[in-house]
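For this one, chain H is given, so just place chain L on it according to the hints.
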Amino acid sequence: MNTLSTDPNAPRDSAITNPSRARVIALCPDRANADTGQTCRTAPTIAENQCEVRSNAWVNAEYKHLVLTAPELALTACAGQFFHLACPASNDDSPYLRRPMSIYCVNAEDGRIEFLYKVQGAGTRGLAQLQPGDTLDALGPLGKGFELPASSEPAHVLLLGRGVGLATMAPLAQQAISAGARVTAILSARSEALMMSADFLQATGADVITVTDDEQTSDVVQVESIIRRVYERRRITYVATCGSNRLLVMLQRVASQLNIPGQVALEQRMGCGYGACYACVRPFRKEPGSEELSYRRVCWEGPVFDLQETTSW
Amino acid sequence: MVDLSVNIGSLALANPVMPASGTFAEGTSQIFDLNCLGAIVTKTITHDVREGVPPPRVAEFRDATLFSIGIPSKGSDYYVEQTVPYYRKYSPPLVASISANTIEEFRRLAAKISVPGVAAIEANVSCPNLKKNGQAFGMDPDATWQVVKAMKSATSLPVWPKMTPNAGNVVEVALAAEDAGADALVVSNAILAMAIDVETFRPRVANVMGGLTGAATRPIMLRIAYQCVQAVKIPVIGCGGIATAADALEFLLAGCRAVQVGTANFVSPTAMPRLIDDLTEWCKRHGVAKLTDIIGAVKMHEPVDFQQRVAL
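Heads up: the protein sequence lines correspond to chains H and L, in order.
Once you know that position 246 of the first sequence is 312 in this note's numbering, the rest is easy, because the numbers rise by one and skip nothing.
Once you know that position 288 of the second sequence is 294 in this note's numbering, the rest is easy, because the numbers rise by one and skip nothing.
The shape of chain H in the complex, shown without the other chains (with noise of 0.2 Å):
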């Protein structure tokens, strides 16, 4: 099912060929044409979606799985793209600001998105307590997303992502397959119950292997052996990776080595999440191979980076 952009170098802008649906709040259209003799002159690309809450169920003993009917610009998400969700409060939790969270589908057809949560903190303890029919405030969609390269061979891409990060490497695999790549992901977790999108990769078309802490199998020596095996069977000609800074640093090596492009999508506390309060900024390589470091905001130059320009933390 290809649901998601097909053309992951189209500009941001070009997927909204319509205007939104969305529940935009006040656009102010009588004040700015009265005042100003001017009018709204573009649609937003950035809205406070009012999703409505189809399931929130608890897929293992940490994560849960959240399922929103979504405004039609919420649909025009893209792998690696995030929303802001103004979570809700929940017993002594009060949550200010807002919680940034990869997408883990888009479904256009269906109006729906969803996202794949670890139940960790004073945003993620009210997510939790959603039930359906509640409304969930997503701003977004934000951030730039994965690009896949333009490439003369066929395309063969690698998804590396541990914990979290399954999530967010399962919509680049969706995206990755409907253009016409192969993909291959390794999904890594401590333990078999933990290992989320597994199924929904091999549903997709990709090829999955799985490693666990549990097994002994997901350490960094073994995981960097599978990548080249993987490479010798078939050219990879793009890697991806999200959730663990360990493989992040072995990527950047192998990657580096094998001559591959890549790109890591990141996680930072945020402020406003659209670029204005550079709270969630983190150093990176103004070049790959640069020592000079600039600092780069996690929310609008991101989520999702260069590998290489990324620093370790």
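Chain H regions said to be covered by chain L (calculated; three or more residues, Cβ under 8 Å):
1) 111-124
2) 160-169
3) 357-371
Per the computed footprint, the stretches of chain H lying under chain L, defined by three or more beta-carbons under 8 Å from a beta-carbon of chain L, are:
4) 329-337
5) 343-354
Derived by calculation from the structure, the hints in this document are not laboratory data.
Note that the Cβ used here is the ideal one computed from N, Cα and C, for glycine as well.
Chain L only, in chain H's frame:
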């Protein structure tokens, strides 16, 4: 039709609502039409290119945030060549916020950014994250006087120094700024604060101290704005914890001629257009045709006359 227009000295605004510096960026234009704003205030720039302080840069409390960003800046060349032209396509006046390490730098930067498209200059003499222990020009009346005087000598644009609640006596600083020729005051910047994570033993923002902002700070900020309104003759622009029309009205009733919305933009980026709409509705409900009619209209409680009570 309700008239929301206000004047800040020579500068006419269609309505009294503008973003607080640092809570607004080009990305905001993808969320709502910026033409609905009273003014556009950009993030503080310095002359030089600056990276800002290391992360973590934000911590959260109930109805408040602690930010320590440290004024990352793309520099004044970028501002003049890129930022100003970008905002020229919008009708609200552009207010440039600037900061500097010395009085001379404030003077030079004010001159440099006095270009067509900039309507006023906000002097950020109050950022708590630039110098060690949150020291800022705005904590000292003499230093503030010198900054404003230097800027006024370098530009014909209105100069709006932004006060800091961290001054021992904000009113003295406000009077000094007025005496030096300030055209308006913005009251106020964030409250110097800190927090420690008891699990990691580390300060919750890497810069140790930062600025406390958000709804929880509003009563303090309203008090300071009111005190400044009482002391100076120039217009005061209220700022601090404003999210709704009711919040803005508190500052207007206290005598502020306009308001800045800050942290609320992070919580809900449509806070400002919603506030403007709600302000119009409030005026209609209260039969207020001109918003300026209620500026400074706060009513004092009647004194209790004990003598009379005894007589009754």
